[in-house]
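Q: Protein chains in written order, with this note's numbering: chain A, 1 to 226; chain B, 1001 to 1106.
By construction, these hints were calculated from the structure, which means they are not laboratory data. Being a predicted model, the structure only gives us computed values, none of them experimental. Check each hint, because a few of them may be wrong.
On the chain A side, residues computed to face chain B include the following (Cβ under 7 angstroms) [as the list claims (entries may be wrong)]:
id, residue
1, M1
2, D5
3, R32
4, A44
5, T47
6, F49
7, P59
8, M64
9, A168
10, G174
11, I176
12, I187
13, R206
The C-beta atom is built at its ideal place from N, Cα and C for all residues, glycine as well.
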Amino acid sequence: MHIPDGVIGPGVSAAAGVVAAGGFGIAVSRARRYLTDRLVPMAALVTAFVFAGQMINFPVLPGMSGHLLGGVLAAVLVGPWAGYLVVAIVLIIQAFLFADGGLTALGLNIVNMALIGAVGGYLVYRFIFRIAGSRPDRVAPAAGIAAFLSVPLAGLGFVIEFAVGGTAESLSLGAILVAMVGTHLLIGIGEGVITFFVVGAVMKARPDLVYGSPTFSGRRTEELLS
Amino acid sequence: MNRRTIGWFVVGLAITVFVAVVVSQFASDEPDGLEYVAERQGFGDASDEHDLADAPLADYGENLESDSRISTGVAGFVGVVVALGLGFGLFWIIRSPGSDPADSTP
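Okay, chain B solo, but in the shape it has when bound (with noise of 0.2 angstroms):
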């Protein structure tokens, strides 16, 4: 990555944890499309309760802290780094091999 390359990546990192940090707070709480549709249509109840809904991030941080803006911070904090992790160490094997001819410019 060249000096310019990183200069992005920062920026659009920081835009992306202020996503999921700060404006996660003002997301809606209303039931999403599907949710909507299932409870009008009548299979609402056809679903069954997930697995992991124990665990400690399940459903965005609701298990974690009695305070929710907290819980949903640290939730999108943490799937954020997970997030950008995975993405790089997937992206990372798999890429193509032999370099990228625009690489060498400055």
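Isolated chain A (complex conformation) (with noise of 0.2 angstroms):
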């Protein structure tokens, strides 16, 4: 999922850049009026874990494997701004340190795995988290399904990227789409299963420190939700 320089032309690329860099700034101060003391290490910890479970390529099709994006992991965990700051700081470090995801690609990395993968999925999950009916024992499936679509949704951002930017000339964007989408459902499936045992595990040692649930113990900012 992390797009290399030169595949998206300068100008969809810098204009991704600003947005990442403005998302940045507002998760800043979003995140700023929740995130207490208590909270730091446990947002430390899941930039880490991230990291961690974007290294791990699972086999998906002949050919073709996945990897964890983690946003709605992190969202539900620590809230869905600080969940952005947790994938960009990953997204950050691997494109500097780990040759893994172009320089000027970013922007869009950013765009697609944070913002539309942390803050997007956190929307999916608080609305399915409603439909299911509010409670605790629903935190963990909820975020799961969230999982699974964020997905397939930052694999549309990146189409719609493509469509708009793509260096690449006289291709089929239909198919680009189908490919895209259907793949990453597929991955999706990987994501979601990682991200109901993790939050599930995390909600019966620590359900007073996740922020998506309510046994979360600290300050909460809704007015992205309401």
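Once you've looked at the hints, go ahead and assemble the two chains, each given alone in its own frame, into the complex.
A: Okay, here's the thing in structure tokens:
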């Protein structure tokens, strides 16, 4: 899911960079409202865990693998805006330290995986969680379903960016749309399963630290959701 | 942080390091979804080589050591330390002013 340099032209890449940087600023100011001292170690740990999880490519089809994106996982655990920052930090580390994801494509990758994956994914989570009855035992299943859906949504983000700014010519956008959404629905199953188990484990051990759960003991800013 | 939170943090960190250093050895080398689609749909050649492709930890340690078990493990460990450090630094700087009522509970 990490877009390399050169696939999307400079105009769209730069525009995505502006959106990603603006999103980073908004995320900092919103996360600041609820991220108390007690949640700082949790948020740092989630950042490290998402990095580790993204290293694990699991087989999906013959000749194709997928890996965790971690947006919904992070957003349900530490809130959507701290979740945005978690994924953005991971993407920055991957691009600058591990040459994974192009430097000029960093904004694109942050838009797809942090803005769409974490913040958008959290909106999907809240919607599913409400339909499911908003009970603590529904947190992990709702997170799993939202995580599953967040992967094709992030893939859709790429298709839109490619449609507007793709450098390769005379390709069928319809075929790319079907291929991206189709393969990422399959990858999303892995995302959903991992998110279900990790959020479920944290809900068992420390339900008071899970932002997206009614058992959360800290402050919450819900202006994104109401 | 009270003692219970420290215990929870240590367990979480141990699992994270285990995933990055040990489980990563078993990760698939096949192309991911985007690379797969790019190859099949004819834009696999559109990508440029990464500007930092020669960096020591590029592609999770490919340039580091001929034994991929060691290089992947080192890359995973370094990544976890850097992610934890940057995450802690950023979240500590931006944390909310004022104390958390739940902090006073033992």
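Q: Return the status of the interface hint for A/M64: holds when the least beta-carbon distance to chain B is below 7 angstroms, violated otherwise.
A: 4 angstroms, holds
Q: Please check whether A/G174 passes as an interface residue: C-beta within 7 angstroms of a C-beta belonging to chain B.
A: 11 angstroms, violated
Q: Return the status of the interface hint for A/R32: holds when the least beta-carbon distance to chain B is below 7 angstroms, violated otherwise.
A: This interface hint holds because 5 angstroms falls under the 7 angstroms limit.
Q: Less than 7 angstroms between beta-carbons is the criterion; does A/I176 satisfy it with respect to chain B?
A: 5 angstroms, holds
Q: Holds or violated: A/R206 as interface residue toward chain B, Cβ cutoff 7 angstroms?
A: Interface hint status for A/R206: holds (6 angstroms vs cutoff 7 angstroms).
Q: For the restraint on A/P59, tell me whether the closest CB of chain B is nearer than 7 angstroms.
A: 5 angstroms, holds
Q: Does the closest beta carbon of chain B sit nearer than 7 angstroms to the beta carbon of A/A168?
A: 4 angstroms, holds
Q: Go through the hint on A/F49 and say holds or violated, using the shortest Cβ distance to chain B against 7 angstroms.
A: 5 angstroms, holds
Q: Does the closest beta carbon of chain B sit nearer than 7 angstroms to the beta carbon of A/A44?
A: 4 angstroms, holds
Q: Restraint: A/T47 near chain B, CB-CB cut 7 angstroms. Satisfied or not?
A: Holds, because the Cβ-Cβ distance from A/T47 to chain B comes to roughly 3 angstroms (cut-off 7 angstroms).
Q: Does the nearest C-beta of chain B fall within a distance shorter than 7 angstroms of the C-beta of A/D5?
A: 4 angstroms, holds
Q: Under 7 angstroms is the threshold here; is the Cβ of A/I187 close enough to any Cβ of chain B for the hint to stand?
A: With Cβ-Cβ at 5 angstroms, under 7 angstroms, it holds.
In the structure shown, a violation is registered for the earlier hint numbered 10 alone.
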